[in-house]
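There are 2 protein chains.
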Amino acid sequence: MPKVDLSAIEETNRTGYPSPYDADVAGRWYRRLAPATGLTDFGASLVRLEPGAWSSQRHWHEGEDELMAMIEGEAVLVEDRGRTLLKPGDVVAWPKSVADGHHLINESAADCRFLVVGSKPAGQDCHYPDIDLIADGPTDDYLHKDRTPY
Amino acid sequence: MPKVDLSAIEETNRTGYPSPYDADVAGRWYRRLAPATGLTDFGASLVRLEPGAWSSQRHWHEGEDELMAMIEGEAVLVEDRGRTLLKPGDVVAWPKSVADGHHLINESAADCRFLVVGSKPAGQDCHYPDIDLIADGPTDDYLHKDRTPY
Numbered sequence: 013m014p015k016v017d018l019s020a021i022e023e024t025n026r027t028g029y030p031s032p033y034d035a036d037v038a039g040r041w042y043r044r045l046a047p048a049t050g051l052t053d054f055g056a057s058l059v060r061l062e063p064g065a066w067s068s069q070r071h072w073h074e075g076e077d078e079l080m081a082m083i084e085g086e087a088v089l090v091e092d093r094g095r096t097l098l099k100p101g102d103v104v105a106w107p108k109s110v111a112d113g114h115h116l117i118n119e120s121a122a123d124c125r126f127l128v129v130g131s132k133p134a135g136q137d138c139h140y141p142d143i144d145l146i147a148d149g150p151t152d153d154y155l156h157k158d159r160t161p162y
Numbered sequence: 013m014p015k016v017d018l019s020a021i022e023e024t025n026r027t028g029y030p031s032p033y034d035a036d037v038a039g040r041w042y043r044r045l046a047p048a049t050g051l052t053d054f055g056a057s058l059v060r061l062e063p064g065a066w067s068s069q070r071h072w073h074e075g076e077d078e079l080m081a082m083i084e085g086e087a088v089l090v091e092d093r094g095r096t097l098l099k100p101g102d103v104v105a106w107p108k109s110v111a112d113g114h115h116l117i118n119e120s121a122a123d124c125r126f127l128v129v130g131s132k133p134a135g136q137d138c139h140y141p142d143i144d145l146i147a148d149g150p151t152d153d154y155l156h157k158d159r160t161p162y
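Residue numbers (our numbering), protein chains in the order written: chain A, 13 to 162; chain B, 13 to 162.
Think of the hints as simulated: they come from the structure by calculation, not from any bench.
Ideal Cβ positions, reconstructed from N, Cα and C, are used throughout, including at glycine.
Hints should not be assumed to be uniformly reliable.
[To be verified] EDC-like, lysine to aspartate or glutamate: derived pairs with alpha carbons at most 16 Å apart:
(1) A/Lys99 / A/Glu74
(2) B/Lys99 / A/Asp17
(3) B/Lys15 / A/Asp17
[As the list claims (entries may be wrong)] Pulled from the structure, derived: some chain A residues nowhere near chain B, Cβ distances all over 10 Å:
(4) Gly50
(5) Ala56
(6) Thr96
(7) Pro107
(8) Leu155
(9) Asp158
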């Protein structure tokens with residue numbers, strides 16, 4: 013297909029977050045675009061947040077750049093730097109290793125949709141400043157901050 | 013800034029295309045997002061096409077993946093596979109080395125805006141099937157198809 017047939021790509025709300033951190037992203041629905049389209053140099057997902065849903069737990073990556081663009085609806089970006097309302101056409105870039113956790117919360121009454129792009133997994137940790145969680149770089153496993161398993 | 017301050021990034025219609033191939037992209041205005049935001053793993057631009065403008069000459073990359081998402085307005089995707097109207101929320105992926113040239117033409121009466129993401133330059137050629145042009149991988153110079161300079 014010249015245009016990506018989004019209806020042919022599974023929309024899922026799966027998460028590897030251990031309980032209770034999974035509940036916040038139950039209304040995050042995403043389609044992984046790269047495996048479905050043959051892209052291998054970077055990852056990309058089209059994400060739909062239901063009202064109240066979080067895009068993720070607040071996090072930052074040691075080794076991966078991230079970029080998002082809002083396509084439809086609104087969400088609030090939450091960082092140490094503050095809260096920012098994102099509307100269609102707004103773009104946010106998170107260069108790797110900037111130690112300011114981020115996530116989006118849909119505080120509106122309607123779904124929002126955005127594209128997010130990220131580097132290929134770099135084998136470096138992902139940090140979750142608000143909760144007892146770290147994603148181990150080499151294994152991508154979720155661990156307690158003392159690096160014991162859940 | 014948590015959100016990218018687009019007004020602080022130069023919007024340009026510069027092109028390295030030799031004449032007369034530059035004329036088709038005179039109404040293509042873009043902001044390069046990666047250098048302005050510190051991203052280094054991939055490139056990204058926010059592009060605005062005026063009515064009649066082309067996103068590029070029709071091309072395909074030997075060594076670079078590309079992905080775009082329409083944010084506002086409409087454009088027609090042109091490939092060997094056919095013509096496809098793109099509207100907000102539509103996504104197109106072009107895996108590297110698929111030898112089907114692509115570009116977008118804004119055939120509407122209003123500007124359109126889209127995000128496009130691409131791999132870091134891979135040092136491999138970019139091919140232009142419709143015209144006497146090739147972008148040399150190692151140098152990124154535009155050459156005649158017989159590889160003589162313009």
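Here is how each hint holds up against the structure:
1. Using a Cα cut-off of 16 Å, the hinted pair A/Lys99 and A/Glu74 is violated, with the two alpha carbons roughly 27 Å apart.
2. Distance restraint check for B/Lys99 and A/Asp17: the Cα-Cα separation of roughly 13 Å lies within the 16 Å cut-off, and the hinted pair is therefore satisfied.
3. Between B/Lys15 and A/Asp17 the alpha-carbon distance is near 30 Å, which puts this suggested pair outside the 16 Å criterion.
4. In this structure A/Gly50 is not separated from chain B by more than 10 Å, as the shortest Cβ-Cβ distance comes to only about 4 Å.
5. For A/Ala56, the condition that its CB be more than 10 Å from all CB atoms of chain B is violated, with the nearest at approximately 6 Å.
6. A Cβ of chain B approaches the Cβ of A/Thr96 within 10 Å, the least distance being about 5 Å, so the stated non-interface status is violated.
7. At roughly 4 Å, the least C-beta separation between A/Pro107 and chain B is not larger than 10 Å, which violates its mark as non-interface.
8. With a closest Cβ-Cβ approach of about 25 Å to chain B, A/Leu155 is found to remain outside the 10 Å limit, as its non-interface label requires.
9. The non-interface label for A/Asp158 is consistent with chain B: the shortest C-beta to C-beta separation is roughly 30 Å, beyond 10 Å.
Checked against the numbered hints given earlier, the structure breaks hints 1, 3, 4, 5, 6 and 7 and satisfies all the rest.
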